[in-house]
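> Heads up: the sequence lines are chains A and B, in that order.
1 is the number of the first residue of the first sequence in my numbering; add one for each residue after it.
1 is the number of the first residue of the second sequence in my numbering; add one for each residue after it.
Some hints here could point you the wrong way.
What the hints assert, rightly or not - Result set (DSS-like, lysine-lysine): computed pairs, CA atoms no more than 25 Å apart in a straight line:
{"id": "1", "chain 1": "B", "residue 1": "K90", "chain 2": "B", "residue 2": "K21"}
{"id": "2", "chain 1": "A", "residue 1": "K3", "chain 2": "A", "residue 2": "K81"}
{"id": "3", "chain 1": "A", "residue 1": "K9", "chain 2": "A", "residue 2": "K85"}
{"id": "4", "chain 1": "A", "residue 1": "K85", "chain 2": "A", "residue 2": "K12"}
{"id": "5", "chain 1": "A", "residue 1": "K3", "chain 2": "B", "residue 2": "K270"}
{"id": "6", "chain 1": "A", "residue 1": "K123", "chain 2": "A", "residue 2": "K81"}
{"id": "7", "chain 1": "A", "residue 1": "K123", "chain 2": "A", "residue 2": "K108"}
{"id": "8", "chain 1": "A", "residue 1": "K243", "chain 2": "B", "residue 2": "K133"}
{"id": "9", "chain 1": "A", "residue 1": "K238", "chain 2": "B", "residue 2": "K270"}
To be verified - If we take Cβ atoms under 10 Å as the criterion, some of the chain B residues that face chain A in the derived model are:
{"id": "10", "residue": "S47"}
{"id": "11", "residue": "G161"}
{"id": "12", "residue": "D190"}
{"id": "13", "residue": "E224"}
{"id": "14", "residue": "S261"}
{"id": "15", "residue": "W271"}
To be verified - A few chain B residues that don't get close to chain A, going by computed Cβ distances all over 10 Å:
{"id": "16", "residue": "T112"}
{"id": "17", "residue": "Q129"}
{"id": "18", "residue": "E154"}
{"id": "19", "residue": "H264"}
{"id": "20", "residue": "A293"}
FYI, nobody ran anything at the bench for these hints, they're computed from the structure.
Built from N, CA and C at the ideal position, the CB exists for glycine as well.
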Amino acid sequence: MSKPILEIKGLKKHFASKKGWFQPATYVQAVNGIDLTVYEGETLSIVGESGCGKSTTGRCLLRLLEPTSGEVWYRGQDLTKLSSKEMREKRSDLQIVFQDPFATLNPKLTIRSILEEPLIAQKVPRDKRAQIIEETVQIVGLTIAHLDRYPHQFSGGQRQRIGIARALMLRPQLIVADEPVSALDVSIQSQILNLLQDLQEQFGMTYIFISHDLGVVEHISDRVAVMYLGEIVELGRKEDLFKTPLHPYTQALISAIPVTDPDEKKERIILQGDLPSPANPPTGCRFHPRCHACMDICKTEVPKETFIAGQMVRCHLYEAKKES
Amino acid sequence: MNGQPSVLEVKGLTTQFSNRKNRSVTVVDGVDFHVKKGETLGIVGESGCGKSVTSLSIMRLLGKNGKVTSGSVRFEGQETLTLTEQEMRKLRGNRLAMIFQEPMTSLNPVLTIGRQIGEVLQLHTSLGQEERKRRVIELLTLVGIPRAADVYREHPHRLSGGMRQRVMIAMAMACQPQLLIADEPTTALDVTIQAQMLGLIRDMRDNTGMAVMLITHDLGVVAEMCDRVLVMYAGQVIESADVRTLLRNPKHPYTMGLIRSVPHQAKGVKWLYAIPGNVPSPGEWPQGCRFAARCSEAMPICQEQCPSLMKMEDGSECRCWLHVPGTEGGERP
Numbered sequence: 001m002s003k004p005i006l007e008i009k010g011l012k013k014h015f016a017s018k019k020g021w022f023q024p025a026t027y028v029q030a031v032n033g034i035d036l037t038v039y040e041g042e043t044l045s046i047v048g049e050s051g052c053g054k055s056t057t058g059r060c061l062l063r064l065l066e067p068t069s070g071e072v073w074y075r076g077q078d079l080t081k082l083s084s085k086e087m088r089e090k091r092s093d094l095q096i097v098f099q100d101p102f103a104t105l106n107p108k109l110t111i112r113s114i115l116e117e118p119l120i121a122q123k124v125p126r127d128k129r130a131q132i133i134e135e136t137v138q139i140v141g142l143t144i145a146h147l148d149r150y151p152h153q154f155s156g157g158q159r160q161r162i163g164i165a166r167a168l169m170l171r172p173q174l175i176v177a178d179e180p181v182s183a184l185d186v187s188i189q190s191q192i193l194n195l196l197q198d199l200q201e202q203f204g205m206t207y208i209f210i211s212h213d214l215g216v217v218e219h220i221s222d223r224v225a226v227m228y229l230g231e232i233v234e235l236g237r238k239e240d241l242f243k244t245p246l247h248p249y250t251q252a253l254i255s256a257i258p259v260t261d262p263d264e265k266k267e268r269i270i271l272q273g274d275l276p277s278p279a280n281p282p283t284g285c286r287f288h289p290r291c292h293a294c295m296d297i298c299k300t301e302v303p304k305e306t307f308i309a310g311q312m313v314r315c316h317l318y319e320a321k322k323e324s
Numbered sequence: 001m002n003g004q005p006s007v008l009e010v011k012g013l014t015t016q017f018s019n020r021k022n023r024s025v026t027v028v029d030g031v032d033f034h035v036k037k038g039e040t041l042g043i044v045g046e047s048g049c050g051k052s053v054t055s056l057s058i059m060r061l062l063g064k065n066g067k068v069t070s071g072s073v074r075f076e077g078q079e080t081l082t083l084t085e086q087e088m089r090k091l092r093g094n095r096l097a098m099i100f101q102e103p104m105t106s107l108n109p110v111l112t113i114g115r116q117i118g119e120v121l122q123l124h125t126s127l128g129q130e131e132r133k134r135r136v137i138e139l140l141t142l143v144g145i146p147r148a149a150d151v152y153r154e155h156p157h158r159l160s161g162g163m164r165q166r167v168m169i170a171m172a173m174a175c176q177p178q179l180l181i182a183d184e185p186t187t188a189l190d191v192t193i194q195a196q197m198l199g200l201i202r203d204m205r206d207n208t209g210m211a212v213m214l215i216t217h218d219l220g221v222v223a224e225m226c227d228r229v230l231v232m233y234a235g236q237v238i239e240s241a242d243v244r245t246l247l248r249n250p251k252h253p254y255t256m257g258l259i260r261s262v263p264h265q266a267k268g269v270k271w272l273y274a275i276p277g278n279v280p281s282p283g284e285w286p287q288g289c290r291f292a293a294r295c296s297e298a299m300p301i302c303q304e305q306c307p308s309l310m311k312m313e314d315g316s317e318c319r320c321w322l323h324v325p326g327t328e329g330g331e332r333p
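Produce the complete structure using the sequences and hints provided.
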């Protein structure tokens, strides 16, 4: 196996929510203690429903949000300890692609100026900038003629290409892709997914791919982490995880994917209710109120990490089995 | 289901929007279809192909700029395009109901849930206040909302996305409609909640015998819910078939492309199939087949002439020169 590029240890992000002046602040536990190792050149996906903390995790890794506690080690350096100036230098290695490319492209700037910004921030000499910009737009499948247009003149798929080009400007080592295809139609979605895979081959980048769409995740990932209410409940190689999902939540997620075959009647686990509020998570295993295999122990005790054939799962079902 | 009468019959529906310069742009171009009692018809296609405008034209909710310029929409045998606004209002929310993609933008944030659903009953039934309240709570329970009596008094912002969509469904079901138009009802929801919602709509349909027109871009949802499917591209119907024929044996290159691009489908393949290019915007439709520029099978004739919707042997319909007998590389005049 290749070397780890990013090691996340006990990452936590709590948001304070103040009700009134004299009341104590309550904390929304968006990310609650994540341990994760990302290896060089792989695509690691983080999946989960909205509100499970997957985007917050992605942002904390790049310190676009300051983590409450925990460590993020990138090539022997703890990113959380860096000063903001040092962090800014590190950002040429670590980039992000957002979901809605329209919301993250300044409507008043031409594509050329949008793409130039990361180069200016990293003090790339002026005479080199034009060359890098022209090279990169062609890599992502746009033309030089597009450079002097404004974001509103592009379709959704093209805007996402611009978002990817911007992340690519500094030739990063790792890209956090936060729902990069969720806003796109299927036919455009596959164009962008192919582009991302192509770029990974060309530049040997590592991806952290955040998505709620298991179909997309199954296609693009090497390993998958399933998050529920701020915690990773299962982690494993894609093939194992989709073939033998261990955690009841993963099982439910996978069984809920609609298949394009009218005759494939699968056993469907339909979860009851919604994701509970992360401000007031359930005791014990956080998934227990919606779990179809809930036992008494689940209501009171937090399950520990259990490893079964290389797959990590946090569930009392497997803890008990291992002991007996 | 063949013996059932049609609840809705749409013929040659054409809708135009006028822009600031008063130039009108056709968005829906001669769409024909029908929905039978108890049936679920799916309308699929990418964004910008006219699915939503079709449904808004049927509901007559187009707004100031939009206008149905020709065609006919018959609902339960009655032409609705010529009804007055007042008559239309009696139909909407009563015999003909609609749910939208984003429930938060369709609910009034300053009114309680109870008041909003009660409004439908107040308009269309003669129920008294107490009876209305009882019926609303009954409806909320029916769509699977826990603590229905509490939710009755709450405002929309207190509910989660899935709960809000349940409220929308309760509102649509209030008068037991004959036809429910659901415009991307699960697109904004997570998969687990989507599975709950689809199950709910299916149960409602089976229990009341209403017809459902389901607009979606997700072929998985289509496979799960629909009896027949209409594929739209650039304002036209390009293929229509029953769900099995369409997914197993698609005829139009666009439909084939859509099915092949679904990532879940492509097991073990490194590169996904992608349709090159984008959907042309209304007003920029080419003269010939509207898909020709993106089609891998395009022939010279495709650039020149738009094919008509042809009936196939297996009962499906397809708008493509490949399936017109005698067409070979555009030799036909």
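> All hints, please: hold or fail.
Results of checking the hints against the structure:
1. B:K90 <-> B:K21: violated (35 Å)
2. A:K3 <-> A:K81: Within the cut-off at roughly 22 Å; holds.
3. A:K9 <-> A:K85: Judged against 25 Å, a Cα distance of about 23 Å means the pair holds.
4. A:K85 <-> A:K12: holds (23 Å)
5. A:K3 <-> B:K270: Holds, at about 24 Å.
6. A:K123 <-> A:K81: holds (23 Å)
7. A:K123 <-> A:K108: The given pair, whose Cα atoms are some 23 Å apart, holds under the 25 Å limit.
8. A:K243 <-> B:K133: This hinted pair is violated, its Cα atoms lying about 49 Å apart.
9. A:K238 <-> B:K270: holds (14 Å)
10. S47: Holds, about 6 Å.
11. G161: holds (8 Å)
12. D190: Holds: closest Cβ of chain A sits about 4 Å from D190 of chain B, inside 10 Å.
13. E224: holds (5 Å)
14. S261: This interface hint holds because 4 Å falls under the 10 Å limit.
15. W271: holds (5 Å)
16. T112: holds (20 Å)
17. Q129: holds (31 Å)
18. E154: Holds, since 15 Å exceeds 10 Å.
19. H264: violated (3 Å)
20. A293: The assertion about A293 of chain B holds, with a minimum of 13 Å to chain A.
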